[in-house]
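K.L.:
Listed below are the residues making up each chain.
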Amino acid sequence: MSKEIILDHWKHLYASRVALMFSSEIRDLLSLSARPDIISFAGGLPEVRALNYQKLERYIRRALKMDGDISLQYGSSDGYYPLKTKLAEVMKLENIDANEEDIVVTTGGQQALDLLAKIFINPGDHIIVESPGYTGALNSFKSYEPKIVSIPVDSNGIITSELEQKLKELENKNIQVKFIYVVPNFSNPSGYTLSLSRRKKMLSLAKKYNTLIIEDNPYGMLRFEGKPVPSIKELDIKSSNQNVVYISTLSKIFAPGFRIGWVAAPHPILEKLTLAVQSADLCTSSFSQRIAYEYFSDPCWKENVVDFIKIYSARRDIMIKTLEDHFPPGASWSKPEGGFFVWLKLPEFLDTKEILADAIRNKVAYVPGSGFYADNRGRNEARLAFCSENTESIEKGIKILSKIIKDKIKLYRSFK
Amino acid sequence: MKKNIAVLMGGRSLEREISLKSGHRVYGALKKLGYSVTKLDIDESIVDNLTSEKIDLAYIALHGKDGEDGTIQEILELLNIPYTGPGVYSNILSFDKIISKQILVSHNIPTPPFYFLNESSFMELGASKLLPLVTENLGLPLVVKPSAQGSALGVKIVKKQEDIPDAIISALGYSKKVIIEKFIYGTELAISIIGKDNPQILPVVEIVPEKDFFDFESRYSPGKTNYFVPARLPQSLTEKVKETAAHVHDVLKCSKLSRVDIILDKKEKIPYVLELNTSPGMTDTSLLPMAAEEAGISFEELVEKIIKLSLEDD
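Chains as they are written, first to last, in the numbering used here: chain A, 1 to 416; chain B, 1 to 314.
Incorrect hints may have been included.
[What the hints assert, rightly or not] Rough simulated footprint, nothing fancy, chain A against chain B, three-plus residues with beta-carbon under 8 Å: (1) 110-123; (2) 167-177; (3) 227-233; (4) 277-291.
Calculated directly from the structure, the hints in this document are not laboratory data. Backbone N, C-alpha and C fix where the C-beta goes; we use that ideal spot for every residue, glycine too.
Kindly generate the complete structure, drawing on both the sequences and the hints.
P.N.:
Now the structure itself:
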């Protein structure tokens, strides 16, 4: 007697959102990028080796010796107060006038995204994202089942004329947009920076349409050149508005292993967020926060950021130069003034998902573009992270990629 | 004294993740069985790792390149370490679907009609002009697949003539040769064979994917495919399918272990052979453990059986 094999006995119990989670060929291929023989432009992994491990050891020892009972204990859900004073100082360096009371600490910027989605999104609600946009944010948002409206970016960031049109359209249908999500500085994945005039425009639109901007700023302090652009939060505070929820993280200016991010937002939102932290994980790791406090109490941290900038800018330079020297005509890329990523556009007939297997067989990895769009576009685009590999590997990897792409173009033309 | 077994897993293949899943599961079973077990990822230090301590047997839980193309088997032969699954020759024949399909044809074993073309024939010999002829002879839809790649990676079903080039370009990303095959409407079946002189043919597994075909996502996402064991076939057809699988196992010189994938034509009831796998998956959603379970063989017993077959060679 034939019987059906049930591989998962709990299929009838899962929430509908689980249908969005499945094995993916791309994810499996990208897991190969962790192998040491692969030159990986895939993950945006900070160069933690540039940190002074001996000093870190000292901070850790001090956290235990001086404050073991605090470091090893549960902490308050809104974060370790002394660390919050340091985070406010970090924000002041970016001209954002915030203090400890305006901040809630989260387990990385990623948890902030998830919790903000949790407190704002009901299934079917409309949110707006820049497109291409950060996959981690898209995935966090998606699990709360919103309708995601994508607004394209150009080299000056999210195109505000299109944003305005969309907001108008939605208002005419009596649809309230819950928030607009952007990474304004050296965006992930595009590397583009939102211009000052567009920041101002966004803010006026948020005010007009009575909605929020989630400004995610992990890379702002990693500017290699050019003049910093005021953050949307700074503009918001200066014009006495309350339309911006600001997220940042210590992952890029310190280390992602500590999992520390934070949110600066209007107080009523922070209250809801604190409750959300409480129900999610009670508090961000006290131990991590205590060590981070030590790190940011030592003025040397600023020198470390300068070191990071030197490392990343040299890596960006070699990536851009090798792209310019070797990539075929028809390909273009962003030239970020900071951050971690270059956004690559290939001729439209090429599919970066299809090229990935070939690239990995030749020991180079990148992330195909379509994962950064909520609407399956970006098939001929890709994100190249320059932060994780040394300059020699970057040069070698881009040359390999260039050869693969040239061969693909030749192959494609053979069908014409 | 219990044998010292190395589970070879991971490696450089595009199926690395699947191999790690198979390997971890096999490792767990061997531990339960009381063997002394080590996990070995395949990289540049594999020869050193295989020679640094006495290994009584290598369990090959690798999939794809290196693990199923004869490479690791040849290394193990040189090092005189017994290993699970078929030998070098069989792996070479089975891994390249062009070679294995040609062998099947020469033995009158049904396999979907096909053409193969390599990358240089398109780039240097103008083979793209042949595509209308290919469609004329095989009809639509067509299956376009890389000649040497597992887990359905790079496989596409093409319904329109104009989509063939994209499918070929995609398949050529996985392998330098591409197979263009007639699409057979029918039931997908997997037949696992285990043993040496009188191998045991395990119950036939019937695969019913939610999608058009048994692609990567359908294979490794529980719930995306329904499986029936034994397949819902009349006895006579089950026998016919099993006979075909056994024949394939023989002509591709397999010994000890294989899984033959067949599609049973809906109308004519012809069992068309798609491919033979020399290192069948051992993950939670894999077909060999499913078939074994139906035959009353638990996962641990299956692993033990596979090992004993290889140790008998000593």
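K.L.:
Each hint needs a verdict: does it hold in this structure or not?
P.N.:
Checked hints:
A count of 3 residues in the stretch 110-123 of chain B with a Cβ less than 8 Å from any Cβ of chain A is obtained; the coverage claim is therefore met, three being the minimum. Counting residues of the stretch 167-177 of chain B whose beta carbon lies closer than 8 Å to any beta carbon of chain A gives 6, which meets the minimum of three for the stated coverage. Coverage of the stretch 227-233 of chain B by chain A holds in this model, with 6 residues showing a Cβ closer than 8 Å to a Cβ of that chain against a need of three. Only when three residues or more bring their CB closer than 8 Å to a CB of chain A does the claim for the stretch 277-291 of chain B stand; here the count is 3, and the claim holds.
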